[in-house]
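There are 4 protein chains.
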Amino acid sequence: MVFFDSDYMVGAHPEILARLIDTNSLHTVGYGRDEFTKDAAEKILKACGIDNGQVYFLVGGTQTNAVVIDRLLDHNDGVLAASTAHINVHEAGAIESNGHKVITLPHDNGKLNAHDISEYIKQFYSDDTNEFMVRPGMVYISFPTELGTIYSKDELENIYAVCRRYDIPLFIDGARLAYGLAADGCDVTLQELAHNCDVFYIGGTKCGALFGEAVVTKRPELFPRFRSLIKLHGATLAKGRLLGVQFLALFSDELYRKIGEHGVRMAMKLKKGFMDKGYPLFIDSPTNQQFFLLPNDIIEHLKEVASFEIWGTKGEKTTPVRFVTDWSSAESDIDILLANI
Amino acid sequence: MVFFDSDYMVGAHPEILARLIDTNSLHTVGYGRDEFTKDAAEKILKACGIDNGQVYFLVGGTQTNAVVIDRLLDHNDGVLAASTAHINVHEAGAIESNGHKVITLPHDNGKLNAHDISEYIKQFYSDDTNEFMVRPGMVYISFPTELGTIYSKDELENIYAVCRRYDIPLFIDGARLAYGLAADGCDVTLQELAHNCDVFYIGGTKCGALFGEAVVTKRPELFPRFRSLIKLHGATLAKGRLLGVQFLALFSDELYRKIGEHGVRMAMKLKKGFMDKGYPLFIDSPTNQQFFLLPNDIIEHLKEVASFEIWGTKGEKTTPVRFVTDWSSAESDIDILLANI
Amino acid sequence: MVFFDSDYMVGAHPEILARLIDTNSLHTVGYGRDEFTKDAAEKILKACGIDNGQVYFLVGGTQTNAVVIDRLLDHNDGVLAASTAHINVHEAGAIESNGHKVITLPHDNGKLNAHDISEYIKQFYSDDTNEFMVRPGMVYISFPTELGTIYSKDELENIYAVCRRYDIPLFIDGARLAYGLAADGCDVTLQELAHNCDVFYIGGTKCGALFGEAVVTKRPELFPRFRSLIKLHGATLAKGRLLGVQFLALFSDELYRKIGEHGVRMAMKLKKGFMDKGYPLFIDSPTNQQFFLLPNDIIEHLKEVASFEIWGTKGEKTTPVRFVTDWSSAESDIDILLANI
Amino acid sequence: MVFFDSDYMVGAHPEILARLIDTNSLHTVGYGRDEFTKDAAEKILKACGIDNGQVYFLVGGTQTNAVVIDRLLDHNDGVLAASTAHINVHEAGAIESNGHKVITLPHDNGKLNAHDISEYIKQFYSDDTNEFMVRPGMVYISFPTELGTIYSKDELENIYAVCRRYDIPLFIDGARLAYGLAADGCDVTLQELAHNCDVFYIGGTKCGALFGEAVVTKRPELFPRFRSLIKLHGATLAKGRLLGVQFLALFSDELYRKIGEHGVRMAMKLKKGFMDKGYPLFIDSPTNQQFFLLPNDIIEHLKEVASFEIWGTKGEKTTPVRFVTDWSSAESDIDILLANI
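Protein chains in written order, with the working numbering: chain H, 1 to 341; chain F, 1 to 341; chain W, 1 to 341; chain A, 1 to 341.
Bound conformation, chain H alone (with noise of 0.2 Å):
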């Protein structure tokens, strides 16, 4: 059997995991108030080039998404969102259980745009009777989108203009950081990211760790108190130097780095070889997650061999599914599945 279903199937890559064995047996302080933890959030904002950031580790991409916009969100705003955002369909309603409306926009292929954003808030804010509907009091965006696809440099500068026009907060969400990076075609550095917006995250539980999520922010100012607000939403870890021994190992030896290429090269070969053999994209990504529109007898055939996900809902003779590959996956994984369509 081979397994594609996601990128949370398999434990620590073998670097993080090296690092949690050596460090076991140490006494720290808890609540990542260890050096471990002050240590990846240095080695975290130098990568990103912040000088005066903050850094905050969480353990989840729901709990991150519902803590880092409880915090930017006064109480009568909301979030703007694409209609297929994670924070409106997958978090069981993580976002409004904090009191806060997602506000969707339509989509292209998982991605806003700068001008649809500009559009619904200066709507927003032409009439007056505005003050009894949500005001848009940030965006939300994905690096990778929930489908796989990235934003160009130009789009996401598009999209933070219009932000800081309007003095909005943008946040992007990077539970799949490392395979957008690694992208083909991808014209955006860490770098480049983290200054093109006010706050993202830079995703571990699905680029090589155990779990753990790292918040990064070139605005401590919009952060108060945070971190007794992660407390409150029970996001506070123990043992926090867990977190800081892993992102230590995802940034040493550019091991993130690596991890998001190796995901992507593979993600590469395997949409090769179904585009190779006359299978249709059902949507075109350069990441680690590969959507084919495939003949629902393949699609059973290649169940006793893979492991993968079906994209919605079955066709008659057509269904979309999908592939998501990882650090754990090797070339000859993707043989077998290929071998099998």
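To be clear, the hints were calculated from the coordinates, so they are not data collected in a lab. Do not take every clue at face value.
You can't tell identical chains apart in this list, so a pair holds if it fits in one copy or across any two.
Said to hold, decoys possible - Dumping the calculated BS3-like pairs for lysine-lysine here, alpha-carbon to alpha-carbon at most 27 Å: (1) Lys122 / Lys303; (2) Lys303 / Lys314; (3) Lys122 / Lys317; (4) Lys269 / Lys46; (5) Lys43 / Lys218; (6) Lys38 / Lys303; (7) Lys314 / Lys122; (8) Lys122 / Lys153; (9) Lys258 / Lys317; (10) Lys277 / Lys317.
Position chains F, W and A relative to chain H; hints supplied.
For chains F, W and A alone, coordinates are given in the frame of chain H:
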């Protein structure tokens, strides 16, 4: 340096770490739907003597308290708790952030008693203007309490009898359960505890795991759509098997019991050492937290060789301090400590 | 100046005012426990043909929507509604502020249809990953809708059948109910409406009262401790009898029916007047809100003699506008309006 | 029967009712954007001696407390209040339902003192583990208190000095303000009260209006987008002018002052009557609430001629009771009461 600040300063117990290493490269489905998690749940239910129960795994204690209480309470209900309760003092307002009042009762060394609970509820229902007051919708206690003390079987049964009389759930916070069950004089078994409440959790974080708390209930009907609520709270671990694997280790070869016993044995050695030298107890605790009233100069001296917590406000001549043991505490650590007083 | 902005620009209908004056100096118990409130509730239940129901009086519409929905939904449920719904657009995020997602469906002139609702729910339950999505826990519709349209008896029955099939409540917002029931072509009676949903409210504010909305349910078991929840939401009126007195007037001598009929008669006169002069309808509404597409110069001219609302964004040559009638609209007001187009 | 249960048993003061009748048939814009509301706000600011302030009108007291506190507190802040405070006991958990903890301090007959507040805050900031505790983000007091007592000017200034020292707002609940300002021995004027806090409200409901509370602040910068937040809480009155009209009446010809004085005069007559007959005070209140400890047989007898509240639990021989006066209390009512003891 020897370490007695808390029971979350070190990594995982070697047997747990070994299991994590062994299973690291396996592929499993996410979100706790894997076999490790299923097996761990079964082992736990068996250990608890529960036939038709349910186990849910969460990451940390504050999170577990918040999510369980949010499930058990109706929107306009509150939770009865000791004024010293973790949920009232040390969770940054997590319970209130979900809309619920913590209704505090007086305590005896951290413990509630059945009579006070009963009187409060009786008083509430005696007055028909109670519709503008917060209804006491459940009872929260800890075993052991914040102050290291434990309930006797009788005390527990009496509290649970009150809860059943008024048909409100009793929830026991077992963040340090291993040390409670192993305490000198404890006359409650895990099975008796499991049956004398509606839901409780078995603490992993402070009892040998990297992280993890196992919520156990004999009344699954109280937890409809609970996995969804856990997600809403950002408390779902993507690589959920990490929790299953750890608890599987904890409930194999009686590891959980052994960890508790070791922690308590070390605590008793420490306690005897201080008492033999004439230092008064600040609180008389039979578990892994030990509280003494020490002269300030002794405290200053001790700080050079040991880490521990000042408990409350510094006094003029003497100050209360807390020492905490866990699975990693060594006899030699205690000896160093005692040699310095 | 003649006034057509909305149906909340003037005080109470004279018969209501008279009752308030008559009862002003009486002493009664507070919080709606008085006899006026009791009598009003009985009269309403009788008018609705409900034997074992319950009536709750609240002050305003947004408040009523928020409190009713908060009672009906579990913490991790959402409410299905048209994208144009008042709860989705004009309540400043009140529903989300209580933790609930508004799940929007497409609409036809403000109306939902049974098929779309059914498909959405079916789709939700077809996928076992729905545990990370917001469960559709109830359906919200308005009668009439935000756009003045009404449901036929068939449409209503079909929607309610879907709700019963999936065992989720149907809630009807009747802020302008009087005008809906009195609409040309309405084939639904108050009794039929009351029986084709689980809960609805009879709007007072926009239908002749100073303020007040009467929540009516044939299923009181869905509203445990509801008076307490109303208080929690700050929606309990201390001098609660003011609501009882007003609804007692509205449900005496068929005043509520007459108010609706007058409003609609004035609206139809207005509609005919505009249509006769060749102005196109923007929305075809049979109730007290009328929508036309008017040339911008006509709009400018009209503003000098009448107040009304620009509906949406100003167009280059023509712009949609809304005129609203109510119990206080006079034939002569309409004549003045029509004389100026 | 004579009525002393509470100060919300009767309709509006005749002068207020007259204004409502006079203005009933006028058309005005909704939601408090009308001229009556504007004029009322100006009159109130002038009466308070505030130049650049802001007034917001809401419907009821619990609602006002909830909305103001929700505006002033950050998500992870709590409000300091007396354990007897209305927000802690009689609002069904409204404050917590918005996510905020009520942090209780001991009281002296319902009053907080500056020292206790200062000590609590100092203690909070002295400990760096406070990040896991709820930050005291504001102070709430009532004038008069739940027990009818009032603060002296000195006491008020001292409390406000503490608030300014720690830069947290002071909010005064003035549900019964008229009776407080008119109290025997009150050395605080409306203007002094307005300047010795950041925000307070002038109670209408219990002081002669049908309903309505006027929130007054000298620091509008603390209330960004407050009209939107009021709407979100369902607290916006569509026919908002009803609030403006009533407060315009209350602040014309010193009606608010006169209402307070009348209520207190009646209360003092009542108090003297009971004391002359030797019945002990339960609480010594200088305002319109009077508390006595009466023999149970007297209470039973009194119930036949008068309505009043049993205050707390019935004792074996004597029981505390409360009598409340208001603008509608007549000398003859008191005489009847006193003739029966």
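For each hint, the structure was consulted:
no. : hint            : in the structure
1   : Lys122 / Lys303 : between (49 Å within a copy, 25 Å between copies)
2   : Lys303 / Lys314 : within (14 Å within a copy, 56 Å between copies)
3   : Lys122 / Lys317 : between (45 Å within a copy, 21 Å between copies)
4   : Lys269 / Lys46  : neither (33 Å within a copy, 47 Å between copies)
5   : Lys43 / Lys218  : within (14 Å within a copy, 47 Å between copies)
6   : Lys38 / Lys303  : between (45 Å within a copy, 23 Å between copies)
7   : Lys314 / Lys122 : between (40 Å within a copy, 14 Å between copies)
8   : Lys122 / Lys153 : within (24 Å within a copy, 41 Å between copies)
9   : Lys258 / Lys317 : neither (39 Å within a copy, 58 Å between copies)
10  : Lys277 / Lys317 : within (18 Å within a copy, 55 Å between copies)
In this structure, the hints that do not hold are numbers 4, 9, in rising order.
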